[in-house]
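Quick note, our numbering runs 7 ahead of the 1-based positions in the sequence shown.
Derived from the structure by calculation, the hints contain no laboratory data.
Any given hint could be a false lead.
The calculated DSSO-like cross-link candidates involving lysine-lysine, where the alpha carbons are at most 27 Å apart (straight line), are [to be verified]:
no., residue 1, residue 2
1, K169, K180
2, K132, K121
3, K96, K121
4, K75, K45
5, K178, K164
6, K113, K96
7, K122, K132
8, K122, K96
9, K130, K75
10, K52, K75
11, K96, K130
12, K164, K132
Pairwise CB distance ranges, derived in the manner of DEER restraints [said to hold, decoys possible]:
no., residue 1, residue 2, range
13, S44, L112, 29 to 37 Å
14, T100, C137, 46 to 54 Å
15, E89, I120, 45 to 53 Å
By construction, the Cβ of each residue, glycine as well, lies at the ideal position given by its N, Cα and C atoms.
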Amino acid sequence: MIKALVGLLPIWYREMVRGKTQMRRIENATSRQVTFSKRRNGLLKKAFELSVLCDAEVALIVFSPRGKLYEFASTSMQETIERYRRHVKENNTNKQPVEQNMLQLKEEAASMIKKIEHLEVSKRKLLGECLGSCTVEELQQIEQQLERSVSTIRARKNQVFKEQIELLRQKEKLLAAENARLFDECGAQSWPVSREQRDLPREDLRESSSISDVETELFIGPPETRTKRIPPRN
8 MIKALVGLLP IWYREMVRGK TQMRRIENAT SRQVTFSKRR NGLLKKAFEL SVLCDAEVAL
68 IVFSPRGKLY EFASTSMQET IERYRRHVKE NNTNKQPVEQ NMLQLKEEAA SMIKKIEHLE
128 VSKRKLLGEC LGSCTVEELQ QIEQQLERSV STIRARKNQV FKEQIELLRQ KEKLLAAENA
188 RLFDECGAQS WPVSREQRDL PREDLRESSS ISDVETELFI GPPETRTKRI PPRN
């Protein structure tokens with residue numbers, strides 16, 4: 008008997024009693040209208056509670072299946088709608104530059120990758136690698152480029168040599184000036200010469216200087232065989 012009475016109840020009521028609601032359109036028009044009225048009131052109540060408890064600006068617009076309007080606004084519906092429109096417009100304007108920048112960055116990255124690949128190939132060819140696929144014109148271009156590079160390197164080398172030579176010349180001038188200064192200081196001090204040496208002619212001075220030289224000779228032998236060598240005098 009109870010099962011028979013339950014079977015007479017609407018489907019939506021039986022589903023609510025069971026605690027499960029299937030998310031699908033209610034076919035019965037009366038049941039659909041009752042469900043709309045109950046859930047609409049609950050939704051409006053929740054919107055009001057949200058605006059009061061959280062101090063939020065809430066605007067709710069609901070149209071019934073028959074086209075009737077139900078709305079709730081915590082401040083002003085028109086102001087909230089205008090605020091929403093401004094927010095959407097700002098987001099769209101901000102998104103467009105970001106998307107354009109992203110596209111531009113992608114294009115630049117792809118272009119840089121191609122340039123790097125081209126430079127790598129050119130580098131290998133300049134090093135004498137991967138020349139099998141080169142034509143005669145490409146080989147001539149590579150040769151001319153290498154000749155220009157060599158001439159540039161030689162010019163730079165000559166310039167560096169000239170700069171180093173100029174620095175050495177400047178150092179030479181400084182050393183020459185320092186040497187002249189030291190020569191002047193040492194030349195001002197003359198060695199003491201005796202009166203007899205000043206009176207002697209230059210030939211006698213040379214002979215006296217030669218006599219004053221000490222002659223030494225290395226002698227190997229027993230001590231008793233050594234004789235003292237005295238230089239003869241004139």
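Here is how each hint holds up against the structure:
1. K169 to K180: 17 Å, holds
2. K132 to K121: 17 Å, holds
3. K96 to K121: 38 Å, violated
4. K75 to K45: Within the cut-off at roughly 15 Å; holds.
5. K178 to K164: Satisfied, since the Cα-Cα distance of roughly 21 Å is no more than 27 Å.
6. K113 to K96: The given pair, whose Cα atoms are some 26 Å apart, holds under the 27 Å limit.
7. K122 to K132: 15 Å, holds
8. K122 to K96: It is violated: about 39 Å lies between the C-alpha atoms, which goes past 27 Å.
9. K130 to K75: 76 Å, violated
10. K52 to K75: 18 Å, holds
11. K96 to K130: Distance of about 51 Å is beyond 27 Å: violated.
12. K164 to K132: 25 Å, holds
13. S44 to L112: 29 to 37 Å: 54 Å, violated
14. T100 to C137: 46 to 54 Å: 50 Å, holds
15. E89 to I120: 45 to 53 Å: 47 Å, holds
Violated hints, in rising order: 3, 8, 9, 11, 13; the structure is consistent with all others.
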